[in-house]
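Participant: Model the full structure from these sequences, guided by the hints.
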Amino acid sequence: MKIFPHFSVVGFCNSYIIGGEEGGGCIMIDPGHIDEELISLLVSNHYVVQTVLLTHSHEAHVAGMGTLRKIYDPVVYAANPARYDFPVNRVEDDEVLSLCGFSVHAIHVPGHSLDSLAYLIDHAIFSGDTLEGGRIAATNGFMEQELLLSTIEKRLMTLDENFLLFPGHGSISKIRIERMFNQDLLKLRTIERARSLLRKEEDATDA
Amino acid sequence: MKLESQEVVKDLCITDAEFEDIVLPGKKEIIASNFAWSTFRHVDFSHAELISSFFDFCLFEDCRFKDIDCRYCVFSGSEFLTCDFSGSFIVHSNFSGITSIMTSFASSDLYFSAFPTSYLKETSFEDCNLKKTDFRFSDQRGVSFRYSNYQEARL
Numbered sequence: 000m001k002i003f004p005h006f007s008v009v010g011f012c013n014s015y016i017i018g019g020e021e022g023g024g025c026i027m028i029d030p031g032h033i034d035e036e037l038i039s040l041l042v043s044n045h046y047v048v049q050t051v052l053l054t055h056s057h058e059a060h061v062a063g064m065g066t067l068r069k070i071y072d073p074v075v076y077a078a079n080p081a082r083y084d085f086p087v088n089r090v091e092d093d094e095v096l097s098l099c100g101f102s103v104h105a106i107h108v109p110g111h112s113l114d115s116l117a118y119l120i121d122h123a124i125f126s127g128d129t130l131e132g133g134r135i136a137a138t139n140g141f142m143e144q145e146l147l148l149s150t151i152e153k154r155l156m157t158l159d160e161n162f163l164l165f166p167g168h169g170s171i172s173k174i175r176i177e178r179m180f181n182q183d184l185l186k187l188r189t190i191e192r193a194r195s196l197l198r199k200e201e202d203a204t205d206a
Numbered sequence: 000m001k002l003e004s005q006e007v008v009k010d011l012c013i014t015d016a017e018f019e020d021i022v023l024p025g026k027k028e029i030i031a032s033n034f035a036w037s038t039f040r041h042v043d044f045s046h047a048e049l050i051s052s053f054f055d056f057c058l059f060e061d062c063r064f065k066d067i068d069c070r071y072c073v074f075s076g077s078e079f080l081t082c083d084f085s086g087s088f089i090v091h092s093n094f095s096g097i098t099s100i101m102t103s104f105a106s107s108d109l110y111f112s113a114f115p116t117s118y119l120k121e122t123s124f125e126d127c128n129l130k131k132t133d134f135r136f137s138d139q140r141g142v143s144f145r146y147s148n149y150q151e152a153r154l
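Here the protein sequences come in this chain order: V and L.
When we follow numbering that gives the first Met the number 0, the leftmost residue of the first sequence carries the number 0, and every step to the right adds one.
When we follow numbering that gives the first Met the number 0, the leftmost residue of the second sequence carries the number 0, and every step to the right adds one.
No lab work stands behind these hints: they were computed from the structure.
Do not rely on the hints blindly, as some may be mistaken.
Not everything, but these chain L residues come out facing chain V in the computed CB check (under 10 Å) [what the hints assert, rightly or not]:
no., residue
1, F18
2, A35
3, G76
4, F94
5, G96
6, S112
7, F114
8, Y146
So these bits of chain L aren't anywhere near chain V, every CB distance computed over 10 Å [said to hold, decoys possible]:
no., residue
9, E3
10, I21
11, Y71
12, N93
13, T116
Glycine included, each C-beta is placed from N, C-alpha and C at the ideal position.
Facilitator: In structure tokens form, the structure reads like this:
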């Protein structure tokens with residue numbers, strides 16, 4: 000399996016191409032912006048985009064779909080097809096798809112948005128905005144932040160620590176690195192524990 | 000050793016190794032390789048091209064990285080002692096949790112690279128492009144940012 004990262008200055012989004020050693024059909028994750036560099040990367044490696052996986056519906060991650068569909072007409076997968084104005088196949092939590100010769104495990108990680116998905120392919124996790132290198136995604140409020148933290152803890156931090164992390168924004172990382180150095184996770188976890196204790200104390204007082 | 004030859008190092012996984020007194024040939028390419036947990040002493044990477052490679056939890060002692068082209072690399076958790084990255088193009092690379100002592104990144108382009116939670120002591124970031132460079136939660140002691148666009152970094 001080959002993974003090619005591509006950074007676009009439009010939307011500052013990372014897109015990824017996942018393909019085999021010898022070219023052919025490939026998967027693209029989050030086509031935020033299709034530029035010449037990305038097309039030449041595909042062409043020089045003899046790849047044809049057969050499948051697109053969307054981590055969530057925010058514009059920075061899907062804006063390139065219009066251009067991409069004109070060139071390749073790929074099959075698109077996402078959590079909530081209703082949020083897109085082009086045909087999309089629904090992916091359920093924990094669903095395992097067989098795409099372009101790869102086994103893709105979809106993991107629902109709500110918090111940044113309700114339709115956020117992470118995709119696990121072999122030993123690589125494509126986390127979208129959920130877990131970025133050294134930080135976690137922005138959320139609309141405390142409830143969403145709590146949901147995001149708990150899903151990251153339960154669904155991503157339980158993965159093998161040698162798994163590679165390919166985020167939607169920021170630099171590439173590993174699960175081990177995020178466990179050790181992601182200050183958002185380390186600090187917010189402590190705050191969240193304190194909040195949870197406080198809530199329990201209040202509940203006990205009310206009772 | 001593969002590092003000393005002109006040959007492109009691609010898809011190599013050689014963790015927990017020791018490298019000493021090596022000069023990489025000019026424009027050496029290291030692509031999609033993993034050198035995690037290794038030790039590099041007096042290794043000269045100058046003018047090398049490092050792409051999507053992992054050097055996490057390594058020890059770099061007295062190493063030269065002058066004028067390197069480094070993209071999508073991971074150096075997290077590593078220690079850099081008296082290393083020199085001056086004049087390099089280091090974009091989208093992860094330096095989170097590093098310890099950097101008497102190391103120079105002078106005249107480098109560090110666009111979108113990340114140094115969060117790092118311990119930076121007597122490290123020079125003079126004359127650098129620090130646009131979107133992440134320094135959040137870093138412990139900086141005797142660090143110089145002269146002639147750099149520090150205000151455009153993530154602080």
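Participant: Does each hint hold? Answer for all of them.
Facilitator: Evaluation of the provided hints:
At a threshold of 10 Å, the smallest CB-CB gap from L:F18 to chain V is about 21 Å, leaving the interface hint violated. A distance limit of 10 Å between C-beta atoms decides the matter here; for L:A35 the minimum to chain V is near 8 Å, and the interface restraint holds. The beta carbon of L:G76 is positioned within 10 Å of a beta carbon in chain V (closest approach about 7 Å), and the interface hint is therefore held. Given hint, L:F94 at the interface with chain V, holds; its Cβ is 9 Å from that chain's nearest Cβ, closer than 10 Å.
Given hint, L:G96 at the interface with chain V, holds; its Cβ is 4 Å from that chain's nearest Cβ, closer than 10 Å. The restraint placing L:S112 at the interface with chain V holds, with a minimum CB-CB distance near 7 Å, inside the 10 Å limit. With a least beta-carbon distance of about 9 Å to chain V, the hint placing L:F114 at the interface is held under the 10 Å criterion. Interface restraint check for L:Y146: the shortest CB-CB distance to chain V comes to about 24 Å, outside 10 Å, so the restraint is violated.
In this structure L:E3 is separated from chain V by more than 10 Å, as the shortest Cβ-Cβ distance comes to about 26 Å. In this structure L:I21 is separated from chain V by more than 10 Å, as the shortest Cβ-Cβ distance comes to about 25 Å. Look at L:Y71: its CB is around 5 Å from the nearest CB on chain V, not clear of 10 Å, so calling it non-interface is violated. With a minimum CB-CB distance of about 4 Å to chain V, L:N93 fails to clear the 10 Å threshold, and the non-interface call is violated.
Under the 10 Å C-beta cut-off, the non-interface status given to L:T116 relative to chain V is violated; the minimum distance is some 4 Å.
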